[in-house]
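Peer 1: Reading the sequence shown from the start, the letters are residues 47 to 302 in the working numbering.
The set of hints was computed from the structure by calculation and includes no laboratory data.
Cβ atoms here follow ideal geometry from the backbone N, Cα and C, with glycine treated the same way.
Just to be clear, a hint being listed does not mean it is correct.
Claimed, not checked - Computed beta-carbon distance windows for the label pairs:
id, residue 1, residue 2, range
1, T104, D267, 18 to 24 Å
2, G258, N53, 41 to 47 Å
3, D275, T52, 25 to 31 Å
4, G205, P298, 35 to 41 Å
5, A106, S245, 20 to 26 Å
6, T261, G205, 15 to 21 Å
7, D70, G133, 18 to 24 Å
8, E181, K212, 18 to 24 Å
9, R234, A129, 36 to 42 Å
10, Q50, G207, 42 to 48 Å
Said to hold, decoys possible - Below, simulated DSSO-like cross-link-like pairs (lysine-lysine); rule was C-alpha separation at most 30 Å, straight line:
id, residue 1, residue 2
11, K94, K54
12, K180, K54
13, K242, K109
14, K91, K187
15, K221, K180
16, K187, K212
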Amino acid sequence: MNQQDTNKTAAMQEGGKVLGAVLDELLDFAAPGVTLLEIEALAQKRIKEAGMKPSFSTVADYKWATCLCVNDVIVHGIPTGNALAEGDLLTIDIGLINRDYHTDTAWSKVIGVPAFPVPAATVVFLETGKRALKEAIAQAKQGNHVGHISQTLQRIVEGAGYGIVKPLVGHGIGKTLHEEPQIPGFLRGAVEKTPKLKSGMSIAIEVIYAMGNPTVYYHEDGWSIATRDHSLSAVFEQTVIVTDAEPLIITPPHNV
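Work out the full structure, taking the sequences as your base and the hints as a guide.
Peer 2: So this is what it looks like as structure tokens:
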């Protein structure tokens, strides 16, 4: 690993540690009666206190630190004054910039846990996404291809009877929030024809899926993307650096 890669890794690890702690706090804070704007305000506060900047504010015309998606909203849900209710399925997607390097992570949870009795079907749905992410990350090693990651995500998610939201993909990440290569949740063509993974590459691996039909539509707000059949959706995402050995997970998993 050269000095530039070493500096990048150090900056991303530092940022990822803060981002993981912020997301954990937001997930704990998200409860019945809490509004999406209150979650956003806490995110802004914690990122500022850490001396870092929100990644998502670098996206043109996006002014928030978080994307907050409830139930059938898959990604890019904007924070509003709507209050969470017991049983809502919330996805918090958040990124930050530390020393010019971005990190990005997302996690989904049911609101009201442990008091709310989560339906068994929802438990299985969420556990499937977590497993898919864990096994896909294990494929992020030098010499493999992006297709190994995509193939793993597709095999687990579709094998459980859920739908991969194909228009939405993971991505490279570093000096900018969204870089090449794209990391689809499904295999496009032959594995060996997809980009090769090399030591030092930093990527955001995402499981973006729906309990029902994965066809999507845009809300009138111009940002929120939801399932057309209004089925539940979830996202699990972590930033990872490819190394000569095991993948280096920059943003930790969350125990919710």
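Peer 1: Each of the hints needs a verdict: does it hold here or not?
Peer 2: Hints, one by one, checked against the model:
no.: 1; hint: T104 / D267: 18 to 24 Å; in the structure: holds, 20 Å
no.: 2; hint: G258 / N53: 41 to 47 Å; in the structure: holds, 45 Å
no.: 3; hint: D275 / T52: 25 to 31 Å; in the structure: violated, 47 Å
no.: 4; hint: G205 / P298: 35 to 41 Å; in the structure: violated, 26 Å
no.: 5; hint: A106 / S245: 20 to 26 Å; in the structure: violated, 32 Å
no.: 6; hint: T261 / G205: 15 to 21 Å; in the structure: holds, 20 Å
no.: 7; hint: D70 / G133: 18 to 24 Å; in the structure: holds, 22 Å
no.: 8; hint: E181 / K212: 18 to 24 Å; in the structure: holds, 19 Å
no.: 9; hint: R234 / A129: 36 to 42 Å; in the structure: holds, 40 Å
no.: 10; hint: Q50 / G207: 42 to 48 Å; in the structure: holds, 44 Å
no.: 11; hint: K94 / K54; in the structure: holds, 21 Å
no.: 12; hint: K180 / K54; in the structure: holds, 23 Å
no.: 13; hint: K242 / K109; in the structure: violated, 34 Å
no.: 14; hint: K91 / K187; in the structure: violated, 35 Å
no.: 15; hint: K221 / K180; in the structure: holds, 25 Å
no.: 16; hint: K187 / K212; in the structure: holds, 23 Å
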